[in-house]
Amino acid sequence: MTAPQAIALQVNGERVEAHVLPRINLADFLREHLKLTGTHVGCEHGVCGACTVRVNGEIVRSCLMLAVQANEAVVETIEGLSDSGEISDLQEAFRARNALQCGYCTPAMLITAQELLKVEAEPDRDQIREHLSGNYCRCTGYQAIVDAVEATAKARKNKAPRNRDAGRAP
Amino acid sequence: MKAPAFDYARATSVAHAIALLAEHGERAKVLSGGQSLMPAMNLRLLAPDLIVDIGALDELRGIKTQGDVLSIGALTRHVDLQHSGEVAAHAPLLKESITHVAHPAIRNRGTIGGSLAHADPASELPACAIALNATIVVRGPQGERRIPAEEFFLGIYETALSLEELLTSVEVPLPPPHSQHYFCEFARRHGDYAIVGLAAQAVVKNGRLTDLRPVFFGVGDKAEHVQVPALLNTEVTRETLSEALQGLEQALDPPEDQQASRAMRFHLAKVLLARCVAALLSSPDLAAGASA
Numbered sequence: 000m001t002a003p004q005a006i007a008l009q010v011n012g013e014r015v016e017a018h019v020l021p022r023i024n025l026a027d028f029l030r031e032h033l034k035l036t037g038t039h040v041g042c043e044h045g046v047c048g049a050c051t052v053r054v055n056g057e058i059v060r061s062c063l064m065l066a067v068q069a070n071e072a073v074v075e076t077i078e079g080l081s082d083s084g085e086i087s088d089l090q091e092a093f094r095a096r097n098a099l100q101c102g103y104c105t106p107a108m109l110i111t112a113q114e115l116l117k118v119e120a121e122p123d124r125d126q127i128r129e130h131l132s133g134n135y136c137r138c139t140g141y142q143a144i145v146d147a148v149e150a151t152a153k154a155r156k157n158k159a160p161r162n163r164d165a166g167r168a169p
Numbered sequence: 000m001k002a003p004a005f006d007y008a009r010a011t012s013v014a015h016a017i018a019l020l021a022e023h024g025e026r027a028k029v030l031s032g033g034q035s036l037m038p039a040m041n042l043r044l045l046a047p048d049l050i051v052d053i054g055a056l057d058e059l060r061g062i063k064t065q066g067d068v069l070s071i072g073a074l075t076r077h078v079d080l081q082h083s084g085e086v087a088a089h090a091p092l093l094k095e096s097i098t099h100v101a102h103p104a105i106r107n108r109g110t111i112g113g114s115l116a117h118a119d120p121a122s123e124l125p126a127c128a129i130a131l132n133a134t135i136v137v138r139g140p141q142g143e144r145r146i147p148a149e150e151f152f153l154g155i156y157e158t159a160l161s162l163e164e165l166l167t168s169v170e171v172p173l174p175p176p177h178s179q180h181y182f183c184e185f186a187r188r189h190g191d192y193a194i195v196g197l198a199a200q201a202v203v204k205n206g207r208l209t210d211l212r213p214v215f216f217g218v219g220d221k222a223e224h225v226q227v228p229a230l231l232n233t234e235v236t237r238e239t240l241s242e243a244l245q246g247l248e249q250a251l252d253p254p255e256d257q258q259a260s261r262a263m264r265f266h267l268a269k270v271l272l273a274r275c276v277a278a279l280l281s282s283p284d285l286a287a288g289a290s291a
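Those sequence lines, one after another, are chains A and B. Taken in order, the first sequence gives residues 0 to 169; the numbers are from numbering that gives the first Met the number 0. Taken in order, the second sequence gives residues 0 to 291; the numbers are from numbering that gives the first Met the number 0.
Hints are computed from structural coordinates only; laboratory data are not their basis. Take these hints with a grain of salt, some might be off.
[Unchecked claim] Some, not all, of what chain B presents toward chain A, calculated at C-beta under 7 Å: (1) F5; (2) M37; (3) G190.
Heads up, the beta-carbon is just placed ideally off N, CA and C, and yes, glycines get one too.
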């Protein structure tokens with residue numbers, strides 16, 4: 000049974016079939032097997048949050064999940080979220096406010112922040128900090144990250160009514 | 000680091016999982032949400048030969064009210080507890096405690112069964128299970144056993160589960176009328192393991208405690224249920240409370256570690272119990288002077 004196991008999953012919209020050793024975690028599978036290196040590996044024991052990805056629509060630590068556990072799952076990484084344009088406004092807000100320096104924590108920060116913005120249209124700063132509390136950043140001091148998430152939430156909220164108005168225009 | 004090599008078996012039923020555990024004994028470890036097991040394996044603190052993955056056993060998932068108990072399947076995740084209407088209605092202590100368990104990404108994978116079977120002395124759910132007077136249901140080759148939470152936790156990472164048994168569900172008795180709860184913990188950062196924490200379930204009638212089950216965690220080898228008879232069925236004064244707080248010096252045996260000294264843990268435990276009683280009796284004066 001230490002032999003590679005067959006798994007089939009969907010990664011960023013594409014079906015992937017592979018044989019993996021049971022000990023390979025999802026983060027290493029994404030990075031080493033699929034060459035999706037936007038998922039970063041920091042502490043490898045679930046503390047730093049740098050390896051955060053989406054599995055079946057929910058954020059998880061990919062260092063604390065075996066690749067074999069992702070069998071039949073839908074996995075989305077920063078590459079997928081980036082390419083689809085889902086978080087382009089959030090990425091732009093991070094850039095505009097210097098919410099990243101070395102960038103190591105950034106992919107996971109973006110994925111985690113996006114999860115909050117999906118359920119909470121206008122989170123206050125405490126809610127943002129609470130939701131990002133499992134993601135370490137050693138550069139920014141977090142202030143600019145919270146600013147960027149807050150600004151994105153406001154911009155998305157303002158955008159919705161304007162679109163409706165535009166629809167009514169002759 | 001990364002986990003050492005191991006064999007992997009995906010259990011197809013509870014019976015299959017139990018058969019694997021019975022066959023492999025100490026060599027095997029059950030994988031549920033993996034949020035404690037995987038870090039331990041990545042840090043090479045644990046190196047099981049076989050991982051029995053129970054993640055596909057849907058029969059172990061779900062929350063339902065059956066008669067006078069709230070039954071929670073072992074694979075129910077922290078996030079499910081957090082958002083369950085039944086948990087909010089019948090075991091609000093659990094709902095409140097979950098917000099202190101690590102972080103959202105961990106709560107999306109971690110399970111109640113995994114947390115209880117892991118029995119970390121600083122984790123929230125074992126203390127809540129004892130405070131709620133829950134029953135831990137386990138199944139093994141000889142059938143089912145029902146173990147009171149009070150008797151389930153034996154020490155650091157040690158429980159009454161035998162090697163071939165699987166924790167299948169947790170049953171929480173529906174609370175009697177006038178039930179209240181209290182939960183608070185001190186940690187260095189939000190989501191960290193508690194330095195000292197307190198989960199309590201109580202019945203409060205006419206400004207008096209008729210029942211109080213305070214359970215401390217992070218203060219010893221396991222969650223500690225402290226008896227406080229002097230606070231029951233009486234008007235609690237600052238004097239009676241003060242005596243009860245003093246009693247914690249005998250009831251608890253907190254460790255000293257890099258997070259806190261023994262004296263600091265005693266102090267924080269007293270602060271928590273004072274705040275707990277003050278909150279339950281809506282009498283903020285009782286906690287006056289109990290500063291952390």
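Going down the list of hints, with the structure as the test:
no. : hint : in the structure
1   : F5   : holds, 6 Å
2   : M37  : holds, 4 Å
3   : G190 : holds, 5 Å
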